[in-house]
Amino acid sequence: MSIEISLQNFDGPLDLLLHLIKTNEMDIADIQMVEITEQYLSVIDQMRQLNLDVAGEFLLMAATLIHIKSRMLLPVIDEAETDEEELDPRAELVRRLLEYQRYKDAANSLNLQPCLNREVFLRQYVEPDIGNGIADGDFSTGIYQLASAFHQLLQQSKVEFVHEVVREQLSVTDFIHRILERLAGGKQLAFTDFFLNGASRQEMVVTFLAMLELVKMRMIKISQSAEFQPIWLSLAVSEDEVEQLECGEESLGYG
Amino acid sequence: MDERCRAVAALIFAADRPLSLDRLCQFFDCGRAELRPVIDQLRQHYPISQTGFYLAEVAGGYQFRTDPDLADWLNKLNRERPFRFSQAALETLAMVAYRQPVTRGEIEYLRGVDSGGVVKTLLDKGFLRILGKKDVPGRPLMYGTSKYFLEFFGLKDLNDLPTLKEFSALDPDLDPEQSSDLENESLPAVAGTEEPEIS
Amino acid sequence: MDERCRAVAALIFAADRPLSLDRLCQFFDCGRAELRPVIDQLRQHYPISQTGFYLAEVAGGYQFRTDPDLADWLNKLNRERPFRFSQAALETLAMVAYRQPVTRGEIEYLRGVDSGGVVKTLLDKGFLRILGKKDVPGRPLMYGTSKYFLEFFGLKDLNDLPTLKEFSALDPDLDPEQSSDLENESLPAVAGTEEPEIS
Chain A
6 MSIEISLQNF
16 DGPLDLLLHL
26 IKTNEMDIAD
36 IQMVEITEQY
46 LSVIDQMRQL
56 NLDVAGEFLL
66 MAATLIHIKS
76 RMLLPVIDEA
86 ETDEEELDPR
96 AELVRRLLEY
106 QRYKDAANSL
116 NLQPCLNREV
126 FLRQYVEPDI
136 GNGIADGDFS
146 TGIYQLASAF
156 HQLLQQSKVE
166 FVHEVVREQL
176 SVTDFIHRIL
186 ERLAGGKQLA
196 FTDFFLNGAS
206 RQEMVVTFLA
216 MLELVKMRMI
226 KISQSAEFQP
236 IWLSLAVSED
246 EVEQLECGEE
256 SLGYG
Chain B
26 MDERCRAVAA
36 LIFAADRPLS
46 LDRLCQFFDC
56 GRAELRPVID
66 QLRQHYPISQ
76 TGFYLAEVAG
86 GYQFRTDPDL
96 ADWLNKLNRE
106 RPFRFSQAAL
116 ETLAMVAYRQ
126 PVTRGEIEYL
136 RGVDSGGVVK
146 TLLDKGFLRI
156 LGKKDVPGRP
166 LMYGTSKYFL
176 EFFGLKDLND
186 LPTLKEFSAL
196 DPDLDPEQSS
206 DLENESLPAV
216 AGTEEPEIS
Chain C
26 MDERCRAVAA
36 LIFAADRPLS
46 LDRLCQFFDC
56 GRAELRPVID
66 QLRQHYPISQ
76 TGFYLAEVAG
86 GYQFRTDPDL
96 ADWLNKLNRE
106 RPFRFSQAAL
116 ETLAMVAYRQ
126 PVTRGEIEYL
136 RGVDSGGVVK
146 TLLDKGFLRI
156 LGKKDVPGRP
166 LMYGTSKYFL
176 EFFGLKDLND
186 LPTLKEFSAL
196 DPDLDPEQSS
206 DLENESLPAV
216 AGTEEPEIS
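Protein sequence lines correspond, in order, to chains A, B and C. In terms of our numbering, the numbers along the first sequence are unbroken and rise by one, the last being 260. In terms of our numbering, the numbers along the second sequence are unbroken and rise by one, the last being 224. In terms of our numbering, the numbers along the third sequence are unbroken and rise by one, the last being 224.
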């Protein structure tokens, strides 16, 4: 028998199998494994010849069918402890097919129910004084809507957020101290040394603010030998004065 | 009709979701026994297929709806095309409806295909909701149907779902225990939906 | 009532604005003289002050409206309308749920907009609570979700919230790098991540 079906018409391997069983008028409880396996594989083959992607699920089912077929060729060992399922290698498959068939039927009967905005309609007109400005959803809010909202938020602000995860507290005061520490001992460091790769935008901004604060407090010197030459930072005061420095976010006006 | 009866009708008419008996009782500060006859009176006054719309009992409440047999007329009014379910969506929805609470793994075992996308669509459309996490290793999410699902299909509650047809070809000798399980499953199984044997 | 009469009632009921006689004539492809008696019959069937709502003639068309004398009841319905989440409220609540304890500054940083009003609404409705003050300059208030939040969403505890990994697993199109980033966000972050104090 020639089978001209496209896998796209089937919801999955179970759907395809059910179709084959029905067109062959087989008893679902007594599937002819050799025949069904052959037909199933030929459908898959056709799809491959057409260079269509055959989903993994269809291939997995092919393997299952071959496995069952081969087990049925083995002699049945009549042992007392073997239960029914082991006696018939098809049992598991049959159960899945029956179960799947039931939900397929259920889906169809559900679809026969009168549905909103298809067979049944609700009052649409909303009196103008109704509604208090809170946005209306057409279904109630649950955990899913909550998780979904957060997920969207994260996607919108992906870049900033990833940095935020790993970043500890960023305060201008901290960065002032960090800069002073690095310049301790009369070291001179290039402006760019303070903006290393991997620093987040926030870190860069705060570092820069800290520098400006230090200049304002006359704690550091910034120099450049000529235009477009490296900018150098160095301490403008003695180490002792650095020790005495007391500054909080509030006194800086960043509180 | 007395004022309370009229007020009940007006409230149900004006509400944008089905109003439950309990909610109505809160409004009128009275017991269910007092309001039930009022509802009965109204349902008699607005029966189906009489005046174009009727008082329906859906999603645990009461709501005025147009008669289903007038769908063709009303579709002329409706410029938007009604939401159409794909076969995959409908199957998945049926599985969740009859087997809730159910995990994605269970759905995929039953359908034999990956179902993440379908589940997400159904969640997005508000037909499904997350019921919590299953108390098994991995703590997978459990799904169930929403109130909107009932409203959409015009069901009073989950017991109002169409009964699952018995599959005639079912061989009673094959697995008797299983087949009796299936019979009971016309109702949503709440406990003891067996774990799929996913290798 | 014949089918045309029922269809007219259903159309008027389901329309989003008053339907004029001319519009109705278009639907039924007939003249005004033919439909006017139908309207009259319906107006007799739905008179004012009889059953809670009536067929009114307004703005050059027909429309079902609640009886004016029941206004007090309907205002009560509007006032007691269950709280619906706006997108802003949902975003803010989600943000607090997953990242608590969190300050208003942190919420605003992520959302990119002023969130004071939304936070206040959520506090008023009982979804959020104040956890204390953060030990940083300015001592901003830290927010977390309330017990009512758990009740409202049917959660046993915060661990019952779906992790974002589970969430993105539903959507096969989501880029994998993104979802692995999100993995770390699966549980509500307990340690404070402080925003830079940039004014």
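Wrong hints could be hidden among the right ones.
[As the list claims (entries may be wrong)] Derived pair list, reagent style BS3-like, types lysine-lysine, alpha-carbon separation capped at 25 Å: (1) B:172 with A:109; (2) C:150 with B:159; (3) A:109 with B:101; (4) A:192 with B:181; (5) C:172 with B:172; (6) B:172 with C:150; (7) B:172 with C:158; (8) B:150 with C:190; (9) C:172 with B:159.
[Stated by the list, open to error] Derived Cβ-Cβ restraints for the label pairs, each shown as a range: (10) B:164 with C:112: 44 to 54 Å; (11) C:139 with B:164: 32 to 42 Å; (12) C:145 with A:210: 52 to 62 Å; (13) C:157 with A:186: 30 to 40 Å.
[Stated by the list, open to error] Part of the chain A face toward chain C, derived, beta carbon under 8 Å: (14) 34; (15) 38; (16) 126; (17) 128; (18) 129; (19) 147; (20) 151; (21) 152; (22) 155; (23) 156; (24) 220; (25) 224; (26) 228.
Bear in mind the hints are in silico, worked out from the structure with no lab data behind them. Remember, it's a predicted structure, so these values are computed and weren't measured experimentally. By construction, the Cβ of each residue, glycine as well, lies at the ideal position given by its N, Cα and C atoms.
To see whether the hints hold, each was checked on the structure:
1. B:172 with A:109: holds, 22 Å
2. C:150 with B:159: This hinted pair is violated, its Cα atoms lying about 30 Å apart.
3. A:109 with B:101: violated, 31 Å
4. A:192 with B:181: violated, 79 Å
5. C:172 with B:172: holds, 23 Å
6. B:172 with C:150: holds, 22 Å
7. B:172 with C:158: Roughly 40 Å separates the two Cα atoms, so the pair is violated.
8. B:150 with C:190: Holds. Residue 150 of chain B to residue 190 of chain C sits at ~21 Å (cutoff 25 Å).
9. C:172 with B:159: Cα-Cα ~21 Å, so holds.
10. B:164 with C:112: 44 to 54 Å: With a Cβ separation near 29 Å, residue 164 of chain B and residue 112 of chain C fall outside 44 to 54 Å, so the hint is violated.
11. C:139 with B:164: 32 to 42 Å: About 37 Å separates the Cβ atoms of residue 139 of chain C and residue 164 of chain B, which means 32 to 42 Å holds.
12. C:145 with A:210: 52 to 62 Å: violated, 29 Å
13. C:157 with A:186: 30 to 40 Å: holds, 32 Å
14. 34: violated, 36 Å
15. 38: violated, 33 Å
16. 126: holds, 4 Å
17. 128: Holds. Min distance 6 Å.
18. 129: holds, 4 Å
19. 147: holds, 6 Å
20. 151: holds, 5 Å
21. 152: holds, 5 Å
22. 155: Since chain C brings a Cβ to about 4 Å from residue 155 of chain A, closer than 8 Å, the hint holds.
23. 156: Nearest chain C Cβ about 6 Å off; hint holds.
24. 220: violated, 18 Å
25. 224: Hint on residue 224 of chain A: violated, closest Cβ of chain C at ~20 Å, above 8 Å.
26. 228: Since chain C brings no Cβ nearer than about 27 Å to residue 228 of chain A, farther than 8 Å, the hint is violated.
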